[in-house]
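Asks: Spelled out from the first residue to the last, the chains are:
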Amino acid sequence: MPWSRILITLAIVLSLIALLAYGFGRDPRYIPSPLLGRPAPSFAVTLFDGGKLSLEDLRGKVVFLNFWASWCPPCRAEAKDLEEIWQRWKDKDVVFLGINIQDQEDDALAFLKEFHITYPNGRDGSGKTAIGYGVWGIPETFFIDRKGRITYKHVGTLGQTLIAAKLEEARRSLVSAKEGKGSYQSIR
Amino acid sequence: MKSEKFLRLIPYPLSLFTVLLLAVSLLFAAQPVDLEEQVRRIAAELRCPVCQNLSVADSPSELAQQMRGVVLEQLKEGKSPEQIKAYFVSKYGEWVLLAPQPKGFNLLIWLLPFVAVTAGIVLVAFVVRRWARKKPGGQPATVDPALMKRVQREAALERPLAVDPEAEGPHAPLLQQQARLYADLKELEFDYQAGKLSQADYQDLRQLSEIQAANVLKEIEISRRQIAKARKAKPMERPTPGREAARPLFRRGWVLAGAGLFLLLFGLTLGILLSRSLRPRGSEQETITGDFLTGSSKEPQSLLAQGRSAFERQEWAQAIEAFKKALAIDATNPEAHTYMGLILAQAGHSEGALMAFDQALSRDPNFPLALWGKGMLLYRAKGDFSGARQNLEKLASLLPAGKEKEELQQTLAELSSQQGKRVKTKKAAGRAQEIRGVVSIDPKLKAQADGQAVLFIIARLANSPGGSPLAVKRIDRPLFPLPYSLGQENVMMAGVPLSGKVTISARLDKDGNLMTREGDLMGEYKKNPVEVGSEKIDIVLDQVM
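Protein chains in written order, with the numbering used here: chain B, 97 to 284; chain Y, 92 to 636.
Simulated from the structure, these hints should not be mistaken for laboratory data.
Keep in mind that the hints are not guaranteed to be accurate.
Said to hold, decoys possible - Here are the simulated lysine-lysine pairs, BS3-like style, with alpha carbons at most 25 Å apart:
| no. | chain 1 | residue 1 | chain 2 | residue 2 |
| --- | --- | --- | --- | --- |
| 1 | B | K224 | Y | K416 |
| 2 | B | K188 | B | K224 |
| 3 | B | K224 | Y | K167 |
| 4 | B | K176 | B | K188 |
| 5 | Y | K415 | B | K277 |
| 6 | Y | K416 | B | K277 |
Could you build the full structure based on these sequences and the hints that come with them?
Replies: Below you can see the structure in the form of structure tokens.
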């Protein structure tokens with residue numbers, strides 16, 4: 097009788113502790129995205145060079161869509177990587193597009209200049225495009241295949257190897273099972 | 092009425108028109124207010140993605156503001172609140188709704204509180220009923236008249252019952268209760284005799300106490316009988332009186348120990364979790380619990396490994412984080428300092444990098460990576476060839492023969508050739524055309540030095556002391572004492588050589604132009620004039636303009 101009581105108490109206490117531990121272990125900021133495998137939300141942005149670009153213009157190409165801001169340290173950390181990998185992939189039917197959010201235009205231009213970024217970049221002043229993609233932590237990157245479907249989403253810095261792998265998957269329209277996470281900065 | 096009079100002053104059709112206009116304008120004015128309220132209502136149901144438990148309506152964040160903008164826009168497009176909420180759910184997932192929809196697993200969240208409340212009520216009712224049943228009842232109907240008689244008889248005795256208050260045994264509490272009730276009866280009697288109680292009160296109270304005492308007697312009887320029965324049933328295992336008394340105590344001890352253990356466990360867990368979680372977060376990348384439950388270890392070795400791999404991936408922020416943590420555990424760890432130095436060096440902060448390498452070498456003067464880092468930094472960034480050589484040669488003496496050593500020897504060879512070149516050029520041209528020294532500030536005037544000021548070091552030709560400067564060196568925001576060198580590149584007019592005899596002075600200027608102003612600090616070399624090419628031309632700023 098006392099043993100069964102002790103066991104029951106222990107089971108309850110341990111399960112409560114396990115629940116507590118699980119709760120503490122989670123990243124409370126993390127928001128799983130429902131967008132993986134779904135058609136990419138359409139958008140139209142004004143580029144820094146004055147031109148306009150919409151997602152429909154890019155149908156038939158693999159799109160690397162990167163949301164960033166000049167005040168975000170992880171974005172700065174990966175800027176060089178992105179430009180390098182763009183130089184390697186730009187002739188392979190792949191389009192890189194950076195979307196600057198929650199930023200001052202001057203700061204954004206200075207950022208592009210500092211890291212010698214040559215791929216197209218646009219500004220999302222109203223935040224509508226970012227909300228359309230459920231952006232909450234930057235850099236946030238979406239890989240879109242030729243048919244306009246999101247094959248992979250990554251919150252935070254990527255690294256060149258991962259970018260190359262995911263671009264290859266997007267070319268083959270392979271949808272990842274899970275989104276990825278690197279070091280990120282919550283947006284404001 | 093005043094308003095009627097006022098209305099009469101206006102021609103009738105006109106007043107009607109104004110009223111109509113007013114009504115229409117009110118209607119239009121009312122609509123945006125309504126829309127705003129609608130936006131607020133929808134936003135109040137959405138969770139702000141970048142806040143912690145704030146609705147989009149309440150959050151001051153930029154994202155929440157933009158989300159309210161999207162809500163307003165969609166309302167204007169004629170979408171229903173449900174459609175708008177569905178839009179946000181399709182972007183951020185169910186997560187974005189502050190109240191999860193009562194479907195599937197979520198249903199549990201909605202039902203659980205009600206289930207818990209019902210279970211609680213049932214439990215309380217159950218427990219209360221058990222208590223009520225246990226309580227010694229005061230119903231006179233169940234009292235045995237013989238027992239009543241015994242109570243009256245015993246209570247009437249001069250000394251009714253003497254019970255040792257520290258007596259032990261299975262009936263000790265009951266016996267004590269009985270003695271107390273007898274004492275009460277005595278006291279009642281006394282009060283009645285003294286005229287403190289009315290007859291009716293006395294009888295009521297007396298009966299109550301007698302009934303209670305009778306019940307206690309009955310309980311004692313029952314318990315005695317039970318013990319006797321137990322002894323009869325197990326005559327071989329007759330427990331000694333000591334063990335009999337100890338048994339309930341022993342059980343209570345178990346319960347106490349269990350409760351204590353539980354409290355200890357709970358307290359420890361809570362303490363550990365809270366102490367790990369309630370600390371300022373170093374960066375956005377950290378989870379609330381830091382590394383405690385997320386797997387990564389606090390061992391310096393694994394932190395260093397983490398840092399190294401981040402360093403190799405060129406993820407500087409992560410690498411810095413890991414090495415900082417390693418240094419928090421072991422403040423002099425040479426490897427962590429060295430890697431910090433390498434990161435600083437690649438970012439162009441050579442001073443900080445040098446400091447880090449020195450710290451690493453102060454703990455372990457033979458740490459190869461620090462020797463290499465310091466040597467290369469002195470060589471490439473600082474141009475201090477002899478310092479570089481010293482460090483790299485030391486490293487070369489430590490390295491075993493192999494590819495790395497060969498490369499190092501190559502670098503050393505390159506270094507010597509560079510050094511040779513430098514010495515030659517210096518001998519040929521450099522030295523003769525330079526003036527070197529240190530500018531310092533009079534300790535008494537230190538307070539007047541402005542951190543934002545600009546220091547000018549001026550060389551004038553010795554034969555025209557008040558004339559225009561020959562060469563000027565400008566240093567923004569100087570830190571004293573400041574070593575300087577004035578060379579050909581500082582000459583104001585192109586083509587004029589810096590040579591011959593000059594007077595050297597320095598001025599700390601508040602506004603950054605060459606004109607003197609009140610409050611500027613001045614200083615001159617005490618043994619002016621000097622020959623160009625001299626060294627140790629030290630200037631002290633000791634005059635105020």
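Asks: Holds or violated: K176 of chain B with K188 of chain B, Cα cutoff 25 Å?
Replies: holds, 20 Å
Asks: Holds or violated: are the alpha carbons of K415 of chain Y and K277 of chain B at most 25 Å from each other?
Replies: holds, 22 Å
Asks: Compare the distance between the alpha carbons of K188 of chain B and K224 of chain B with 25 Å, and conclude whether the hinted pair is satisfied.
Replies: Distance of about 30 Å is beyond 25 Å: violated.
Asks: Within 25 Å, alpha carbon to alpha carbon, are K224 of chain B and K416 of chain Y?
Replies: Outside the cut-off at roughly 39 Å; violated.
Asks: So if I understand the rule, the pair passes when the alpha-carbon distance is 25 Å or less; does K416 of chain Y with K277 of chain B pass?
Replies: holds, 22 Å
Asks: When you check the alpha-carbon spacing of K224 of chain B and K167 of chain Y, does it fall within 25 Å?
Replies: Holds, at about 15 Å.
When held up to the earlier numbered hints, the structure conflicts with 1, 2 and fits the remainder.
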